[in-house]
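**Student:** Each chain is listed here by its residues.
There are 2 protein chains.
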Amino acid sequence: MTYSELFQQICKKQSFLCVGLDSSSELIPDCLRDNEYPLFDFNKAIVDATAQYAVSFKPNIAFYEAEGVKGWKQFEMTVDYIKTNYPEIMVIADAKRGDIGNTAKKYAQAFFTRMNCDAVTLAPYMGEDSVRPFLDIEGKWSVILALTSNKSAEDFETGKSSSLSVDGYLMPMFEKIIRKAMTWGSCDNTMFVVGATRPEKLREIRTYCPDHFLLVPGVGAQGGTIAEVAKYGLNSHCGLLVNSSRGIIYASHGEDFAQVAAEEAHRLAEDMSKYL
Amino acid sequence: MTYSELFQQICKKQSFLCVGLDSSSELIPDCLRDNEYPLFDFNKAIVDATAQYAVSFKPNIAFYEAEGVKGWKQFEMTVDYIKTNYPEIMVIADAKRGDIGNTAKKYAQAFFTRMNCDAVTLAPYMGEDSVRPFLDIEGKWSVILALTSNKSAEDFETGKSSSLSVDGYLMPMFEKIIRKAMTWGSCDNTMFVVGATRPEKLREIRTYCPDHFLLVPGVGAQGGTIAEVAKYGLNSHCGLLVNSSRGIIYASHGEDFAQVAAEEAHRLAEDMSKYL
Numbered sequence: 215m216t217y218s219e220l221f222q223q224i225c226k227k228q229s230f231l232c233v234g235l236d237s238s239s240e241l242i243p244d245c246l247r248d249n250e251y252p253l254f255d256f257n258k259a260i261v262d263a264t265a266q267y268a269v270s271f272k273p274n275i276a277f278y279e280a281e282g283v284k285g286w287k288q289f290e291m292t293v294d295y296i297k298t299n300y301p302e303i304m305v306i307a308d309a310k311r312g313d314i315g316n317t318a319k320k321y322a323q324a325f326f327t328r329m330n331c332d333a334v335t336l337a338p339y340m341g342e343d344s345v346r347p348f349l350d351i352e353g354k355w356s357v358i359l360a361l362t363s364n365k366s367a368e369d370f371e372t373g374k375s376s377s378l379s380v381d382g383y384l385m386p387m388f389e390k391i392i393r394k395a396m397t398w399g400s401c402d403n404t405m406f407v408v409g410a411t412r413p414e415k416l417r418e419i420r421t422y423c424p425d426h427f428l429l430v431p432g433v434g435a436q437g438g439t440i441a442e443v444a445k446y447g448l449n450s451h452c453g454l455l456v457n458s459s460r461g462i463i464y465a466s467h468g469e470d471f472a473q474v475a476a477e478e479a480h481r482l483a484e485d486m487s488k489y490l
Numbered sequence: 215m216t217y218s219e220l221f222q223q224i225c226k227k228q229s230f231l232c233v234g235l236d237s238s239s240e241l242i243p244d245c246l247r248d249n250e251y252p253l254f255d256f257n258k259a260i261v262d263a264t265a266q267y268a269v270s271f272k273p274n275i276a277f278y279e280a281e282g283v284k285g286w287k288q289f290e291m292t293v294d295y296i297k298t299n300y301p302e303i304m305v306i307a308d309a310k311r312g313d314i315g316n317t318a319k320k321y322a323q324a325f326f327t328r329m330n331c332d333a334v335t336l337a338p339y340m341g342e343d344s345v346r347p348f349l350d351i352e353g354k355w356s357v358i359l360a361l362t363s364n365k366s367a368e369d370f371e372t373g374k375s376s377s378l379s380v381d382g383y384l385m386p387m388f389e390k391i392i393r394k395a396m397t398w399g400s401c402d403n404t405m406f407v408v409g410a411t412r413p414e415k416l417r418e419i420r421t422y423c424p425d426h427f428l429l430v431p432g433v434g435a436q437g438g439t440i441a442e443v444a445k446y447g448l449n450s451h452c453g454l455l456v457n458s459s460r461g462i463i464y465a466s467h468g469e470d471f472a473q474v475a476a477e478e479a480h481r482l483a484e485d486m487s488k489y490l
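Read top to bottom, the protein sequences are chains A and B. Using the working numbering, you'd call the opening residue of the first sequence number 215 and step up by one each time. Using the working numbering, you'd call the opening residue of the second sequence number 215 and step up by one each time.
Just so you know, these hints were derived from the structure itself, not from any lab. A virtual CB, placed ideally from N, CA and C, is assigned to each residue, including glycine. Do not rely on the hints blindly, as some may be mistaken.
[What the hints assert, rightly or not] Ranges of calculated distance between the beta carbons of each label pair, as one might list FRET restraints:
| hint | chain 1 | residue 1 | chain 2 | residue 2 | range |
| --- | --- | --- | --- | --- | --- |
| 1 | B | His467 | A | Gln228 | 55 to 63 Å |
| 2 | B | Leu241 | A | Arg460 | 50 to 58 Å |
| 3 | A | Arg481 | B | Asn449 | 23 to 31 Å |
| 4 | B | Leu241 | A | Gly353 | 22 to 30 Å |
| 5 | B | Ile351 | A | Leu490 | 57 to 65 Å |
| 6 | A | Arg417 | B | Thr372 | 26 to 34 Å |
| 7 | B | Arg481 | A | Tyr251 | 17 to 25 Å |
Okay, chain A solo, but in the shape it has when bound (with noise of 0.2 Å):
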């Protein structure tokens, strides 16, 4: 999927909403859980009741390993499903995945090759070469961890370094992770993801990352509002992919899961249009 053909759903949709399907056992509705595929089932329902108002779709990998290899196929069913039915929405498999160079190549053959996501969420602390493989795979974008929405995102995220120290100004490490991983790729295959809990450090990334796509958690459960992150880090293509997970796929735990689910994503689509 390339930059123009995302923005031009954004266009088309008067959305930047991504859905994580965070999809668990224990929480979703009591009227599938003794069906074969569960997590698959609940997953169908809320992406065929959400994708007229998201632009992306974001499984989050480990609540299907927690499941082990059932839950592995049901994750492999969610992302062949969404993409032979609605071939235009973007698939990030949210695994923040890194390691060295030929392991990380095995990745990118899990979820670019052999599966067909567009997008993986990375952890960037082994640098270029765990990063790199994932890079080399046309058509296919590397989400790279930067400020995440997480309180302890201050333990090392938020830490000064000098590393990349102009004229005495200590950088700190998501800055030095953004900035160097712009060099690695372009606006047409890499992302970073901001928090939508620190949105004025979205403004500051807007100084020195003006054109990529950033991909913002945090908002709704975590306290995070749209108004902020649009106000902040909206660029001329958009420029944002604004998750939220629980917020729509629990919003009722009844049978009618997915009609809320689709009022949810409305809304939120509704109040992000203001803005585009």
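Put chain B on the given structure of chain A with help from the hints.
**Tutor:** Frame of chain A, contents of chain B only:
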């Protein structure tokens, strides 16, 4: 598995060898390729042949994920086989996971509750709450990436950080991570990854991290030597697990692969025994 159980194994076998099960369909011997579960059959043969010389096995998950559902199944079969037949040997899932708290909990469930891995490698970028759920499960180990063996480790890991500076000393990111993570857990549930390719750094690390076990990849193919790693890294309870993957498991690509792997593991273990 406890610190003292691990140390007992090391004393008994006079070895601190970890055998990396980076088992890939393209590299296993031809004679196994038509089997129903080629990766598992390969691993089983390698495990049986090298168990007397190894105190740990470390499957790298990327190689299994690259084969989809069937790969994941063979990873589970491998862990199950080792823990059933060699319960005293530590199984390290080399997964390099890391995510926000509720998601990290799912990964911990995948590797520690659903499967019976003893340890999992973790990427520390997102901070304490991405590691906490793993530390909360008793008898299990978090193996945290500090200074990895790949070239791009220099991108971020060795960059100086001022956040924990003392008297103007700017410590590198990997040192900050070790010092911080030492406060999260203890020697009984935390190890650090330090590559054999930078043996002089081992000496430095031992000044502020004397007691923890270190998992050391990069011996053999990547250029590190056991002599140097032992010289700078050993402590009074050994404190080292030195990994070799390709150098052992692919020492022969013929039908004698298991026997040649055993010879290579034996040679490494004999070398290690000199330093214990």
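**Student:** State for each hint whether it applies.
**Tutor:** Each hint, compared with the structure:
| no. | hint | result |
| --- | --- | --- |
| 1 | B/His467 x A/Gln228: 55 to 63 Å | 57 Å, holds |
| 2 | B/Leu241 x A/Arg460: 50 to 58 Å | 41 Å, violated |
| 3 | A/Arg481 x B/Asn449: 23 to 31 Å | 58 Å, violated |
| 4 | B/Leu241 x A/Gly353: 22 to 30 Å | 28 Å, holds |
| 5 | B/Ile351 x A/Leu490: 57 to 65 Å | 45 Å, violated |
| 6 | A/Arg417 x B/Thr372: 26 to 34 Å | 30 Å, holds |
| 7 | B/Arg481 x A/Tyr251: 17 to 25 Å | 48 Å, violated |
In this structure, the hints that do not hold are numbers 2, 3, 5, 7, in rising order.
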